[in-house]
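Below, each chain spelled out in residue letters.
Protein chains: 2
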Amino acid sequence: MLPKRIALPVFASDPLSSVAYSPDEIFLTLALAGVTAYTFSWKIAIVVGFVMLAVVLSYRQNVQAYQSGGGDFEVASTNLGAKPALTVASALLVDYVLTVAVSISSAAQYLATTVDVARGHEVLIAGAAVLFLAAMNLRGVRESGTAFAIPTYIFIFSMLGMVCWGLGQHFIGGGLGRAESADLQVIAEPEFADGFAGVAAAFLLLRAFASGCATLTGVEAIANGVPAFRKPKGKNAATTLALLGAIAITLAMSIVALANIIHAQVVEDPEHQLRGPNGEVLVDYHQAPLVGQIAHVVFDNFPPGFFLITLSTGMILLLAANTAFNGFPVLASILAKDGYAPRAFAARGDRLAYSNGIVILAGFSILLIVAFDAEVTRLIQLYIVGVFVAFTIGQAGMVRHWTRLLKNERDPVVRAKMQTSRTINAFGLSVTGIVLVVVLITKFTHGAWISIVAMAIAFLLMTGIRRHYDNVAIELAADERDRVLPTRVHAMVLVSKLHKPTLRALAFAQASRPNALEAVTVSTSDSDTAELLKQWDERNLPMPLKVLHSPYRELIRPVVEYASAIRDANPRGVVAVYIPEYVVGRWWEQFLHNQTALRLKGRLLFTPGVMVISVPYQLASGKERAEEMREEYWLAPGLRRGSDGRR
Amino acid sequence: MLPKRIALPVFASDPLSSVAYSPDEIFLTLALAGVTAYTFSWKIAIVVGFVMLAVVLSYRQNVQAYQSGGGDFEVASTNLGAKPALTVASALLVDYVLTVAVSISSAAQYLATTVDVARGHEVLIAGAAVLFLAAMNLRGVRESGTAFAIPTYIFIFSMLGMVCWGLGQHFIGGGLGRAESADLQVIAEPEFADGFAGVAAAFLLLRAFASGCATLTGVEAIANGVPAFRKPKGKNAATTLALLGAIAITLAMSIVALANIIHAQVVEDPEHQLRGPNGEVLVDYHQAPLVGQIAHVVFDNFPPGFFLITLSTGMILLLAANTAFNGFPVLASILAKDGYAPRAFAARGDRLAYSNGIVILAGFSILLIVAFDAEVTRLIQLYIVGVFVAFTIGQAGMVRHWTRLLKNERDPVVRAKMQTSRTINAFGLSVTGIVLVVVLITKFTHGAWISIVAMAIAFLLMTGIRRHYDNVAIELAADERDRVLPTRVHAMVLVSKLHKPTLRALAFAQASRPNALEAVTVSTSDSDTAELLKQWDERNLPMPLKVLHSPYRELIRPVVEYASAIRDANPRGVVAVYIPEYVVGRWWEQFLHNQTALRLKGRLLFTPGVMVISVPYQLASGKERAEEMREEYWLAPGLRRGSDGRR
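Taken in sequence, the protein lines are chains R and P.
So for the first sequence, full-length UniProt numbering puts the first residue at 1; every next one is plus one.
So for the second sequence, full-length UniProt numbering puts the first residue at 1; every next one is plus one.
Hint data in this document are derived by calculation from the structure and do not stem from the laboratory.
Just so you know, these numbers come straight off a predicted model, no measurement behind them.
All C-beta atoms in this analysis are idealised placements derived from N, C-alpha and C, irrespective of residue type, glycine included.
Do not take every clue at face value.
To be verified - Residues from chain P shown here face chain R by an in silico Cβ test under 10 Å; the list is partial:
#  : residue
1  : A344
2  : N408
3  : R410
4  : A478
5  : D479
6  : S512
7  : A516
8  : V520
9  : A576
10 : E581
11 : V584
12 : L592
13 : R603
14 : M629
Modelling step: build the complete structure from the supplied sequences, incorporating the hints.
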């Protein structure tokens, strides 16, 4: 259980890290209309802050009403039914992938701003960072809350420090310098050549606002983490949420203000949209993000300050991506338990279930990073739609929740409280709903359609999987006729060479005392078979060796056909096929052995009335591996959820 | 068996296709010293032609002495021992990958020359082409010799036609025009600013020669295909080889001549090395390969001629890549039979063994194409070293071969013939050896080191695999003590739900009449377990149900530990673990089921004294799939080797 001072940083990385890129999005969208449009940036920031307020207020209701950690998915499935819940789940799955892609790409950008040699290698760096996070999470490194607290507090305090120092210099001290980018010329899009007005301008403002709403991503994380708080969980989570919202709004607004003060400029595509003070083409210009530009001006005579800001920002972005690595497998396991995801994702007993989720998350985010060249701006276009789908459906669910409770509640005091809550959630619903519409309209063609397609695919996949499991369950249901005992067991032991594993399989088969027992070999080479028959006779083995001839040197088909023939001759009996296998310990040794045995087993499972018996023979390396496995610490699922605080 | 008129085109695609890129390599290497160096191009072409002559003469000996199709690998292993043979094998494996990468990249370049929209998408096109070839070969499409003959003959005759028409115009007719690139300025490297002389010039000439030797790639293909010829195989193969060599030399020399006549220019890096006639930077300049430039000039007033040349060149490059898709799996299967590659590559019984080879070849060649941006020039640097390693070792083996035969031969006529052969091969050895040294010296730092590292890795991997197999064979060898019968069989049936598969497993286990029989379930949820126990009682099942409690909700460890405990209590007995499995038919359904069963089986195989019995229950889709598999045509390995003519 986490005290608030640890819980805050644990959940803070995701929502706070967005200030690393969301103010930039406002500015560079406006820059399409030229520098004059920058004057709208602080107005847009205020509207974003207002939306943040609405969302935080609403989620304070959520965390108190639903404390199990199911978040919007649980709210939706309890109050709205399976389809809205699955929509939320699809949105969240897509958003986890984008959280990783956006955060890591942004972190790579900050690294490139700080360390020159990193420039131009952002895709590689971002890809490597994702692999690193995936590897850490696959190994089940149990990060403690404290390990998260330190970089997060460093980030919060260094950012607040920079903001205070910068605003202080501006308002009280000697004034702030100008950003390096202040004197560059921004080339406006042709449609804004005649100034910033009309429908195009309004649309661009809406688009800039929609981009700025990236600040809100990650707020919902607390709703999924309520169980990690100390009691009273709901109240503590709500307080943390308020605090977090306040910090996020403060930081975002301050950065927009400072960017305006120092006349910082950022554009989507510096190569084509920026020119030098005299209109010349810029050579090797690297565009630093706003936070970097501000840090550069504020800490002009103090480089360590600049490094502290950019590196702690990169660090918190890495932590934000890491929260997705914790959240995605948990969501996948919840979905798997409900039959909407493959059972292999359900966290039953060990960390392998989580591994599947981690690998898939890493794979998709690397795909996005490579496809979008690790460019934050292009990825952001895909990002926000999912967040607001989840927000909107979650709030709709909450409104339903209160309405449902109000039906049976008679106490007027409680009723009044519930009605207030319902009003807050209804307000949240309207705000997030409007933002969702704005996001859809302004960003659909810029990339949001990709997210929507991805969500639709996820949705269809999940319903398809559920339908499949339901059908299988019906097909498997047992009835009374299912207890007919086979009349006899015909055992055959497959023999390729007469080595230890074969002898063991023969012994085990004999010990099982079947009604009939024979050894079977497939002859692909006359000389090998002759040699085997000779050895067979020499050893005086007590069962016959049947030779199946295979003119086309197939190994599998003759065995399957022979087993089928025996079964057909005796339909009420069962054929037991013994396969000697030797077990090797190292993973690469697996590639060198038993491939045929594996495929044969796969084929035999399709043959009715056959059971397949693997008789293992452990080689030295296999025995060593068995020892290792016995000693290995088998992490229980509850033990690897460090970052959300549950240990 | 192939008549020569079909055998020629079948083997021609690989060696002839190299004229699509090797003359370019000579020119663009020389271009580093500026245009004046182009005057050396035809001298270099003559030396390359001379090397080709030496190689063709030598290989005419090889194909008559070794007719089984083992090629240089067989020659080396028979005459020089395992290590040289493995070196040849490593070189050939690497070269197959490069054949695909180079041919397909070149084909993409020709497509981009012909079809404008393809420009800038060469990597994508090349990657897709590799996947297409892999898919065709995975499906086991049996290309007939005739299907190969048509495009190859189109290529040969259209190229010869272009050459005759072009030279005719030049020497007899009204003269040829100038290439579009003729008036461009080539910027020489700084070291050649003072003219083309000294050590640097000599080194560049050697490098250009080494690059031109790319013309020789593919000649060895016939040595691997001797069995496909009509009798007398050796003689027919030798004749085909001579014919092929003659055509290749003629085409390569003619292209170099025509390129000189029309003053065509090609450089490694057009963006930086080429300027317009007045020194201006070129915008969107697409550099066509020499064959394309020549076709453009020769067929100036006849566009279909240009399209015929470039498209048939692209086609033959595709066919050349396809030969690697046939050769690589065959070589891998030969190596696997000798224990140098995983057994899964050995072609025993069906096409799956070949599939592994095809997938690996496709994977590595796509890797190369992506890593080198589908740029032929950069890939060529890696290519030639492997070819000449194989040539040189092969010829050394042939010299040994004749020396060995001469020892026991007394007939003076035969001896004289053998001595002539030995002289030819010794000559070939010297020439290829010298070229190998030249290639190593001039290309090592340009990329040949990558091939050498890859060859070394392949070599070490193969010896490591062989050592592993040898060790396992020793460990597995049976002795007299290996026939101890287990005293008793303790059977346990794993139960998760009481559905049809479970009932079938219980019935099969009962039919096997073990000494002890119990059902075992792992309890991860109290309510589920209570429900199961209730159903168990209701059904009146004749064996006890043992509940293993799993506080950490693990499924696998409790079962493994319980099985181990039973076995430890009775070390001379055997524990039979029955696992009910339901079998689904579609590949994607596999992901949704049995993952736990699969992992449990994997773990149990490491447990001594345990055998694992899979009791399959076929669901409807599984039964359908079984029917399909029964009907599927199981291709024998001899049936899918279409392209080298054996069917």
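Do the hints match the structure? See the list:
1. A344: Holds, because the Cβ-Cβ distance from A344 (chain P) to chain R comes to roughly 4 Å (cut-off 10 Å).
2. N408: violated (27 Å)
3. R410: violated (34 Å)
4. A478: holds (5 Å)
5. D479: holds (8 Å)
6. S512: Nearest chain R Cβ about 6 Å off; hint holds.
7. A516: violated (13 Å)
8. V520: violated (15 Å)
9. A576: holds (7 Å)
10. E581: holds (7 Å)
11. V584: Because about 8 Å separates V584 (chain P) from the closest Cβ in chain R, which is inside the 10 Å limit, the hint holds.
12. L592: With a minimum Cβ separation of about 5 Å from chain R (threshold 10 Å), the hint on L592 (chain P) holds.
13. R603: Holds - the Cβ of R603 (chain P) comes within 10 Å of chain R, reaching about 7 Å at its closest.
14. M629: holds (6 Å)
Violated hints, listed in ascending order, are 2, 3, 7 and 8; each of the other numbered hints is respected by the structure.
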